[in-house]
Amino acid sequence: MYAYDEIDRAIVSERVDEFRDQVRRRLSGELTEDEFKSLRLMNGVYLQLHAYMFRVAIPYGTLSSAQLRKLAHVARTYDRGYGHFTTRQNIQFNWIALKDLPDALADLAEVGIHAMQTSGNCTRNVTADQWAGVVPGEIEDARVWAEILRQHTALHPEFSFLPRKFKFAITASDHDRAAIKIHDVGLRLRKNDAGETGFEVLVGGGLGRSPFIGKTIKPFVRGRDILSYVEAILRVYNQYGRRDNIYKARIKILVHELGIDKFAAEVEEEWKQIAEGPLTLDDEMIEDIRARFIYPDYAKLSDSPEELTKAKADPAFAMWLDNSAAPHKQPGYAIVTLSLKPVGGPPGDATAEQMDAIADLADKYSFGEIRVGHEQNLALPHVAKRDLPALWAALDKIGVATPNINHVSDIIACPGLDYCSLANARSIPIAQELSRRFADPATGRLIGRLHINISGCINACGHHHVGHIGILGVEKNDQEVYQITIGGRADEEAKLGELIGPAVPYDQVADVIEDIVEAYLALRERPEELFVDTVKRLGVEPFKERVYATR
Amino acid sequence: MPLVKNGAVVADDFITVADDAQLPGDAPALISATRFLADPEALIGRNSPLGVIWPNNRNIAELAPWADRLALIALVFPTFRDGRAHSQARLLRERYGFRGELRATGQVLRDQFTFLVRNGFDAFDAKKPSDAAAFNEATHRYTEFYQPTGDGHLSALQLRKQRHKVAAG
Amino acid sequence: MTSPLQKKIKIHGPSVVTANRTSDGVVIWRTADHGWSTDLDDAAIVRDGETARALLTEATADDVGAVGPYIAPVTIADNGTVLPGNLREQIRNTGVTIELPAQV
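Chains as they are written, first to last, in numbering that gives the first Met the number 0: chain E, 0 to 550; chain P, 0 to 168; chain A, 0 to 103.
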């Protein structure tokens, strides 16, 4: 993880003081709500149905055990004892009082956490592959670059009042776990022929009312030029992005209206003016950031320790191992995903007790480090394989060892109408019901990888467009109904799902999803053909026929 | 709308002149971009300082040829949420070499002062007197900055590098 | 932008004015005695556009105390109990429709 230096600490603590002053002025009436709204949003404070919601950034999904404990402390002290991990490596607290927020922020600042720009029309939390730095075969640790970008975009004087929100995501692996193609700017680390590190830069991806898959604007930008290149993109966007219509204000619309070539030419022209200027990074600057990342001192361990071989005799352990442990770049270690999708539970929620317990387990088994993925699960990134049986027992005890990672019950869902003031329909109860229908881990295994994504409104926080099965809640005549799409995906082959038929009422959603899954099991060529591949091969029609024939 | 310069509320030397009104003979005048662009050479040749109010939806590069002869450029924030003038300010200062007074007008609030200063503004038409009074406090809140701009502060990356050099002797 | 207060207000059936309390975000309803209550039962009920506008105008004037006042539908039960008029308002009144994680 990245350890703050005195500069980082100063900026975060000065931001807390500034926000404390802003809250004071709001409560005394010096600031109107109209003025305050943008200011609070820029520090992650929303007003939801029941209360204020507080969104805290977990940049590139990396947390220390001390940070996770502090998040538990905030949940317990200022909220109702739990938090919700989002699809953008943030955590949300749903019940916080405005008057308590400055204190909560000050507590978080002690461990180097902030809520800067987790909302508002500014550059948002920079996200990355949650396995960065530990997964085999990546170009290099994407988090170093994510941190460079985090710093550059934090309190940027020119780009804090953009036409609309602006999100970055970075990956360094061929398999994209960071969903870079559905971000305003997606960065894929690569090497050029000369062996230099740089980025393929994608622009204009995003979901919401007008979903777009990001397009490559430049196939290779050297690492040293990435800040100036990003500055050029933001400057063009700040000046020419639409401000007349909130639904057309994202950069994806500007890119779409201008065309990628014209937009790229505008950026190139601006970039020419600022390249080789003060934003150019040199090796020393990059090393300086890299050196503040703490890397574990791995032991030389067996890749198939006896403890592990023995424990596999227990089918429950074997199933969990197969599902939730992934290969690590260091022999003898594994990356372990912790499911925040228990049967019947709200996706992505963790209680303060669970957070504390996970922090302890991270200290004991993962060099004190925790990761947060966009699928709303956590991970322990450096677990010695010989410790896996003991870790499993401990995780199971606190309810985060459901062996359903990437399975049909590993559902992404936004908070929906239960919490959110923008929502038209509920998301969580739909997810809960589905997870009960598909509770049997053997069923999940039989089906294989299948991502269900649920959003409670067109803003698409639940990424429904790119779910293998996407569920979008809408309101019709005061009733909740749900549109269902299939065939979407968020990875390197990102694609928007296609509507399968008319919207269905709340109480029929789970039945329809079951029918879709049954249709897939009947239609797939062989067990290895994933749901999304069957849809790709056959199109939507055969699914539509089977699902809607009897409706 | 109190005008803040050098950290203090001051009187405005410039008279804002409507497009259809006569320019004052020998007093500093602030005119619209439309009026200015109709006959820039004549207007800029007056004996008194001239200022131009430049809208935030017009390319600031159009004003660049006269940047060194204008005494004042006023950029506009129709609401503080519309951040286009932030980019215009940096371009004027850092690309087009404008050294005159750069004034922020419109909905200018305390919470933007630091950003405005970093982008090169040195005069502020504060919307609220209480914000004008808080100018010094607001602009001294932050002691460190991540980004390099034309304001002379070293960015965090530059500062760290410099500290290494000092440490290395 | 036209303020909602300048537009003609149409309501369909009995309505209330609701908002969130500035200091802690708690759901509140405008009362007949020019204050706020955290109990829907205390809410002033309006039945026509003009009265609704007056109540909303008065509520909006309290920018320090309340955030985002708006007109919300209610139904009145036979025994006179005031009930939220739609699912969203029901959730605001009685809370989430799921069990909270910390209570499990």
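Hints may be right or wrong, so weigh each one.
[What the hints assert, rightly or not] Interface residues of chain E toward chain A, partial, derived using beta-carbon atoms under 10 Å: (1) Thr31; (2) Phe35; (3) Ser37; (4) Leu40; (5) Tyr51; (6) Ala74; (7) Ile95; (8) Leu97; (9) Asp99; (10) Pro101; (11) Ala105; (12) Gly343; (13) Gly344; (14) Asp348; (15) Leu529.
By construction, these hints were calculated from the structure, which means they are not laboratory data. Quick caveat: nothing in here was measured; it's all calculated off a predicted structure. For glycine and all other residues, C-beta sits at the position ideal for the given N, C-alpha and C.
Next item on the list: Identify whether the interface hint at Asp99(E) stands, where standing means a beta carbon of chain A within less than 10 Å of its own.
Entry: holds, 8 Å
Notebook entry, point to check: Was the hint right that Leu529(E) lines chain A, CB cutoff 10 Å?
Noted result: violated, 30 Å
Note to self: Restraint: Leu40(E) near chain A, CB-CB cut 10 Å. Satisfied or not?
What the structure shows: Interface hint status for Leu40(E): violated (13 Å vs cutoff 10 Å).
Notebook entry, point to check: Should the interface hint for Ser37(E) be scored as holding, given a Cβ-Cβ cut-off of 10 Å against chain A?
Noted result: violated, 14 Å
Check: Measuring from the C-beta of Thr31(E) to each C-beta in chain A, is the shortest one below 10 Å?
Finding: Check passed: Cβ of Thr31(E) comes within 5 Å of chain A, closer than 10 Å.
Margin query: Restraint: Ala74(E) near chain A, CB-CB cut 10 Å. Satisfied or not?
Written below: holds, 8 Å
Next item on the list: Could you check if Leu97(E) really has its C-beta closer than 10 Å to a C-beta on chain A?
Entry: It holds, given that the least Cβ distance between Leu97(E) and chain A is near 6 Å, below 10 Å.
Check: Are Gly343(E) and chain A close enough, Cβ to Cβ, to be under 10 Å, as the hint says?
Finding: Because about 9 Å separates Gly343(E) from the closest Cβ in chain A, which is inside the 10 Å limit, the hint holds.
Check: Against chain A, with CB atoms and a cut of 10 Å, does the hint on Pro101(E) hold up?
Finding: violated, 13 Å
Notebook entry, point to check: Are Asp348(E) and chain A close enough, Cβ to Cβ, to be under 10 Å, as the hint says?
Noted result: holds, 4 Å
Check: Holds or violated: is there a CB of chain A closer than 10 Å to the CB of Gly344(E)?
Finding: The hint holds - Gly344(E) has a Cβ within 10 Å of chain A, the shortest such distance being about 7 Å.
Notebook entry, point to check: How about Ile95(E): closest beta carbon in chain A under 10 Å, or not?
Noted result: At 8 Å from the nearest chain A Cβ, Ile95(E) passes the 10 Å test, so the hint holds.
When the structure is compared with the earlier hints, violations turn up for hints 3, 4, 10, 11 and 15 and for no others.
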